[in-house]
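Novice: Kindly generate the complete structure, drawing on both the sequences and the hints.
4 protein chains.
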Amino acid sequence: MAGNSFGKAFKITTFGESHGKGVGVVIDGCPSRIPLSEDDFVSEMARRRPGRTPLDTPRSETDRVEILSGVFEGVTAGTPIALFIRNQDVRSEPYEMLRRLFRPGHADYTYFKKYGHFDFRGGGRSSARETAARVAAGVVAQKVLAPLELRIMAYTLEMGGIRAAHIDFDAILENPFYCPDMAVVDKMKEVLSRAKESGDSIGGIVEVRATGCPAGLGEPVFDKLSADLAKGVMSVGAVKGVEIGAGFEAARLTGSQNNDPMTPTGFKTNHAGGILGGISNGDDIILRAAVKPIPSIMIDQETIDREGHPARLKLEGRFDASAVPRVVPVLKAMVAIVIADHYLRLKSIL
Amino acid sequence: MAGNSFGKAFKITTFGESHGKGVGVVIDGCPSRIPLSEDDFVSEMARRRPGRTPLDTPRSETDRVEILSGVFEGVTAGTPIALFIRNQDVRSEPYEMLRRLFRPGHADYTYFKKYGHFDFRGGGRSSARETAARVAAGVVAQKVLAPLELRIMAYTLEMGGIRAAHIDFDAILENPFYCPDMAVVDKMKEVLSRAKESGDSIGGIVEVRATGCPAGLGEPVFDKLSADLAKGVMSVGAVKGVEIGAGFEAARLTGSQNNDPMTPTGFKTNHAGGILGGISNGDDIILRAAVKPIPSIMIDQETIDREGHPARLKLEGRFDASAVPRVVPVLKAMVAIVIADHYLRLKSIL
Amino acid sequence: MAGNSFGKAFKITTFGESHGKGVGVVIDGCPSRIPLSEDDFVSEMARRRPGRTPLDTPRSETDRVEILSGVFEGVTAGTPIALFIRNQDVRSEPYEMLRRLFRPGHADYTYFKKYGHFDFRGGGRSSARETAARVAAGVVAQKVLAPLELRIMAYTLEMGGIRAAHIDFDAILENPFYCPDMAVVDKMKEVLSRAKESGDSIGGIVEVRATGCPAGLGEPVFDKLSADLAKGVMSVGAVKGVEIGAGFEAARLTGSQNNDPMTPTGFKTNHAGGILGGISNGDDIILRAAVKPIPSIMIDQETIDREGHPARLKLEGRFDASAVPRVVPVLKAMVAIVIADHYLRLKSIL
Amino acid sequence: MAGNSFGKAFKITTFGESHGKGVGVVIDGCPSRIPLSEDDFVSEMARRRPGRTPLDTPRSETDRVEILSGVFEGVTAGTPIALFIRNQDVRSEPYEMLRRLFRPGHADYTYFKKYGHFDFRGGGRSSARETAARVAAGVVAQKVLAPLELRIMAYTLEMGGIRAAHIDFDAILENPFYCPDMAVVDKMKEVLSRAKESGDSIGGIVEVRATGCPAGLGEPVFDKLSADLAKGVMSVGAVKGVEIGAGFEAARLTGSQNNDPMTPTGFKTNHAGGILGGISNGDDIILRAAVKPIPSIMIDQETIDREGHPARLKLEGRFDASAVPRVVPVLKAMVAIVIADHYLRLKSIL
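Chains as they are written, first to last, in numbering that gives the first Met the number 0: chain A, 0 to 349; chain B, 0 to 349; chain C, 0 to 349; chain D, 0 to 349.
In short, the hints are calculated from the structure, not lab data.
Backbone N, C-alpha and C fix where the C-beta goes; we use that ideal spot for every residue, glycine too.
Mixed in with the good hints there might be a few duds.
[Stated by the list, open to error] Residues from chain A that face chain B, not an exhaustive set, calculated with beta carbons under 10 Å:
id	residue
1	THR109
2	HIS116
3	GLY159
4	ALA170
5	ALA226
6	GLY272
Specialist: Right under this line is the structure:
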């Protein structure tokens, strides 16, 4: 049953596969009269593109976003905005060997069980390629939020066990890992390099922080801002965990430690991550997502084929040793999409 | 905008406040001909009830579930099942002092900012009382899942920093904390007792495990099983984090460590937590939720009043030192609800 | 799959059967701070009640609406408003003879085919009793619309072939048929009386007119105001047709006749029924619904039993010879609900 | 707020404008393994194309459907199917004169009030061009329904006051008006010709009949099959009325006339139009839609400009004198889409 839409007021529906014609998104509910052009997508799309880090495999993904509908005379029309990003470089020959084998850690097996097939050409719909459409939608979400003094930052808090010791927003775009602490960038590079050499991959933790978010966003009890953020973030393929504010650490604090004291000028601490009772409280919204290591590794693995027979699989060719930097702009987009949705929803009851 | 419904095929809509007439839920989409009576709810409702642990404040919540509609001659009719649980013990006098002050860590402030009021009588809609309706809906979800060989266990993995060293399902109902490791129960009791004495509260981690779940549940890319579980779990008031399988630990594993090898008889490990690409893979579904310490503490706190003036607040009277045991049946219910929803959704495309 | 909710911003979920405990509705998305009490429902509920026309069977339905949740200190709280109307007079003995026979024109057969059962006690969920919950929700919808200078009138345009020759709003509440033309009331009474004597029933046409509706309501291309009105009205059991503005007559007009000329002071005619391109144009919204004759008649009919064997059925006892007057407040409610939903939806994009 | 999606299990989201790059649709929820190719769309798209009747203005719309996603190795993948139909012939020069004037009977005025703009180049999103995407989605819906012995016929029951005297399905494709009665085709042509000569337009009535529909489709009380059909049909721009079975005629029948007697071999009559209590009863589903005359006429009309000043408007150039034949395949598509949605929904509860 239909599961490719997200959001209620600002609603996105994505489509497309890694080795088909392209990926895209229809954005429904965007207010009219917002300036929007294809150039607006360039910088965010570039940030998501593979081939950015020194160790990534160079690819020819240019990820030009084409506006198929919804913009008239340079501004949004109030009608659905369809965006399309054509796939480049879609030779499926290297994937032929995968026609019969399930790749461990990938969705091949579950797609096969559910749909009776799996797209051996790089995962099809389950590929990270799908997130390009999310990033494009995130750009439009940011436009919707322009009337607010909102700023969303996303960055690599940790990669391969190397964690940023402090957060310097200015550093984020100064290094290929979107790490907010320049002091650990070399260590991250080293860990990544070592993984790559051994044909292995590493994961990490991405943090997203939204400052300037007004109080009142979120619709209890199910469409709480926290709940929709959790869903949006967990729906990204590589994510296996999400926490808000103190998150799992809160489980070990006492109430007197975890409660954020309130003062006339604001909250003294922010263990709540900007959300109380599922509604934004005006403080920074803070969330972290656990990103698993990319399952495509160049190391011999135990698997089975379509008929359930045992098999060995050793992938070859180009590969990325970590998805973490690429996930950064994707999570930024998802947070923007959730906030835009709740911003429009809040307006309906004011 | 409407945010009190959850699920698409098995859809629940909850209502009610802590100090109104009661809380309830309408379940829409439940198949017909399933035996259901008011007695079916008794045991699960009892597990959620406060006053269970030796240290909880005794309360008279009997939480009898009344079936208002949807059952005819002892079986579900295919029509909406409305369940209602009357509030007992709803004297609001002790809360009068809270009429003007926001309780730190509670939703008073955000409800006030969003709705122009807050329910000083125990939180109203944001109260844990609301979860009684979820537990009732979870009972019906389990009935829907009866054709499957499914078993859902939920338990306190950790409380106040004390963690179960191993999982013994038989132990869960043998102690008031739903702890699966009898060896740490006394330590948990001690930590809880110490917190209570100091007027403070503690949090913990709840784990839920579903065995016997068929492969194929989950609707990528947004209604992934993992994403809907994350939303369902994060929508519970006390939860600040959720992870699936290896979760945040996966961020520190390599791909070769984290990938679950596949064999003709199943997966060798289960770092995926039973979900690949957002679809169940037939292995156990495993998730953990971080439960924050209850914000109602008997310790003097810094806060503000409705006009933003500084104030001090020291709650008095009965209180629970931890919500963790009560959250256990709630999360069990949410997992059952999500799985029931996806079970019915899967049927629509087979 | 769940089908008992209607609306997106102002969302109602109804439940209940004719011979269960009662019928009810959960209203989700209602803004906060709107005064609401149980007395507010009395007059509209009275209008829907059977036993109003001189020829109706007297019944003891008092239809008192109980507010189960969502109101705090006399105003809406922004939380779901649950309303419940207990059934009175629910002896099912007279229905026992219907346990095995499908009543022609009723939903017995289709419920049996779909759900494996049918509620022989007056139709259960398919009974007109279900509309009581809609009328209650309509009262809340009208409250939501209070900031607008909106007035919704509903009336019996035609019954048993007798049609009102002109529309006098003041007449509507002056006669038991809600007929806007006092000159034809006696004729309607006569036709109804004749039908009743012969054990037969009659249908009619209900017209609803909303004046003062602002331009801009409706969300093309599927959630057009006209489309949602059509769905809302057609979802009422007795309705078999719906038309807006000139409706079916427009099929026989030319473009030059049907187009409404525009002037600085408004539209010169209103063939559009206040809706152009699915969006309200500021003029009166006008719709008409065809109400079929009640299928319960006291005349011998050909039918089958559960096993498909031929049978004869002659109902006995009390019966109403027409549902038309009772449908009037129901359609008024549905129009109010649709307009309230679109009013809140419009606000989200302004 | 988002209003461009329709359906819940088989869910379509359309996008695009008459003078942008094209129109399209994303179909979400289509089961996997259904053969689908771009050639499958050719015949239905051709039937919707303007320029079919002898009197239509020739246009170069080829309406080739491009499959952007969701098909893998010739069969549906279970992933969203995105279809795109490029616009041809989109010179907007002839429309420049309309930049400031609202065309009577069109959505220019209401779009301007709602969105702050209107697409003077042929209506933009409100153009009949939008229905091309519906027809394409209808083709996929028919594929979903292939396991059923279902046949959907749509035809012009009446045009310009000329009504088919009987229904001969074989005649439908034998004449440019999709009229099921060859005996009245010449009269229709004559009426259409006369309208065209005078620069005027005519409307009509389209009937759709689905045979072989299984009993059990429809989800009371709001997502009744009748209610969703009414919404789907009324959401088509030109439609101003919809009726099912006896429809408005039922308002003038008695219960004994209108009830369809049941026999062991089926219903004796079909006043219900195949739907009882909102659920299909296994008999033919029959609905009729009132199609208004096209508002674009070559006759001088009274209107206003953007500032509200009075103006005169006389359109010039090519025009179609009736939309009725073009609406026929669109309504066929909408009925197929609704039935496919309910077919998948029914499966979820079996």
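Novice: Hint by hint, say whether it matches the structure.
Specialist: Right, here's what the structure says about each hint:
1. Using the Cβ-Cβ criterion of 10 Å, the hint placing THR109 (chain A) at the interface with chain B is satisfied: the shortest such distance is roughly 4 Å.
2. Against a cut-off of 10 Å between C-beta atoms, the interface hint on HIS116 (chain A) is violated, since the closest Cβ of chain B lies about 13 Å away.
3. A distance limit of 10 Å between C-beta atoms decides the matter here; for GLY159 (chain A) the minimum to chain B is near 8 Å, and the interface restraint holds.
4. A hinted interface residue such as ALA170 (chain A) counts as satisfied when its beta carbon comes closer than 10 Å to some beta carbon of chain B; here the least separation is about 20 Å, so the hint is violated.
5. For ALA226 (chain A), the interface hint holds, the least distance from its beta-carbon to any beta-carbon of chain B being 4 Å, beneath 10 Å.
6. For GLY272 (chain A), the shortest C-beta to C-beta distance to chain B is roughly 7 Å, which falls under 10 Å, so the interface hint holds.
Checked against the numbered hints given earlier, this structure breaks hints 2 and 4; the rest are met.
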